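Chemist: The listed protein sequences derive, respectively, from chains A and B. For the first sequence, the numbering used here assigns the number 1 to the initial residue and increments by one for each residue that follows. For the second sequence, the numbering used here assigns the number 1 to the initial residue and increments by one for each residue that follows.
The set of hints was computed from the structure by calculation and includes no laboratory data. Fair warning: this is a prediction, and the values are worked out from it, not measured in the lab. One should not assume that every hint holds.
Put simply, identical chains are the same to the list, so a pair is met inside one copy or across any two.
Once the Cα atoms are required to be at most 25 Å apart in a straight line, the calculated PhoX-like pairs of lysine-lysine come out as [claimed, not checked]: (1) LYS15 x LYS142; (2) LYS117 x LYS142; (3) LYS15 x LYS145.
There are 2 protein chains.
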Amino acid sequence: MTGAPKVRVKRLPEKQVDDPTVLAEILRAGVLAHLAAVVDGQPYVLPVAYAPWSDGIVLHGSNASRLFRHLASGAPTCATITLLDGLVYARSAFESSMEYRSAMLFGSAVQLTGDRKAAALRALSDHLLPDRWEHIRPPSEKEDKATMVLHLQPDSWSVKVGSGFADEAPADLELLGHVWAGRVPLSTTAGPAIPDPTSAAHGTPVPAHVADIANGPN
Amino acid sequence: MTGAPKVRVKRLPEKQVDDPTVLAEILRAGVLAHLAAVVDGQPYVLPVAYAPWSDGIVLHGSNASRLFRHLASGAPTCATITLLDGLVYARSAFESSMEYRSAMLFGSAVQLTGDRKAAALRALSDHLLPDRWEHIRPPSEKEDKATMVLHLQPDSWSVKVGSGFADEAPADLELLGHVWAGRVPLSTTAGPAIPDPTSAAHGTPVPAHVADIANGPN
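Bound-form chain A, shown alone:
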């Protein structure tokens, strides 16, 4: 990432992380970004699949999408990727919270064309459905024309990480130490793989690149 982490979150500053390797880890682990587009003063927050790419992320959408076209025009945006890692049970509601990692990327998106667009689409496929690309047919010209690919190389970014147990006041620990507190990790489970009617009719076995996802932690 070239963008400097110049945005500071004032609240809970201890959760602010300036380490770009943590940002890269979050971008590798996530699949969904929430992307802002502001049209005529009304903000929209779009859930969009993304892939990490070239000092930022790439996103794909329909060429007919009004909001994607708006973003392609260079409007300032923010893309937020959030991973929910756990629930934190404290002895007060105030100290109860969640374990999470979130990254906000600030900047303007650029529409990709030609070889860069093709490379970004490949990166999206590889990130979202690993090793799938070699098993499927290449995109048609019509599909390529219908697809818009945006590259957001952030001017600045902000990463926040909340992890571990609640930080409770000594008084609460003394008075309420008998109340169970702790954390419950959350993770994503994938599978089992369900064949579509054609694969079911042919008895096509689940290939390794799908079984790897469907049988393991995602």
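On the provided structure of chain A, position chain B as indicated by the hints.
Modeler: Below, chain B without anything else, positioned relative to chain A:
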């Protein structure tokens, strides 16, 4: 929900859902909203825990948060809740996608005070950490003062649902029917519960309201 679903998504109109019971289902199932705040033309997308409440959602944050204060002033916002339900493997990248449910709520937030604030905080606890409230101490005055609670009762909303297998062209099915296609469901797994040092030292057993979360699908 009283807000009419007047925002139409032009792309993939078959995925637009007008049924308010689907919206209510999404709001019950999610815990995290991505909330837009636009300050001096720069959009921010904040990940915030929410609870369904009174024809909308409630969100809590710090009274010191610049973005929460901005939203409390009545700035137009959008809160998006997205549930990722699965990966869809087609025989082309173009038709490959994800199963998801997403809700966008549009409107302006209102800051809650007094009894409504207390009720909303209770709803947040009950939604995020079911049955926890009775086991923990009540909020202190200082904690209450430090917390801002916003209520977003949307003027309009938009729900999109993508589910099922890819809708592939007959030509792809004929030529590529031997390529496995299908879907891989995604779900959230919680647990095991990890006691904090105080609970570990006391040997406090994991209570039922935590075990119910940590042992079951979330």
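Chemist: Now tell me if each hint is right for this structure.
Modeler: Comparing the hints with the structure gives:
no.: 1; hint: LYS15 x LYS142; in the structure: between (46 Å within a copy, 22 Å between copies)
no.: 2; hint: LYS117 x LYS142; in the structure: within (14 Å within a copy, 53 Å between copies)
no.: 3; hint: LYS15 x LYS145; in the structure: between (43 Å within a copy, 21 Å between copies)
Hint compliance for this structure: every hint is met.
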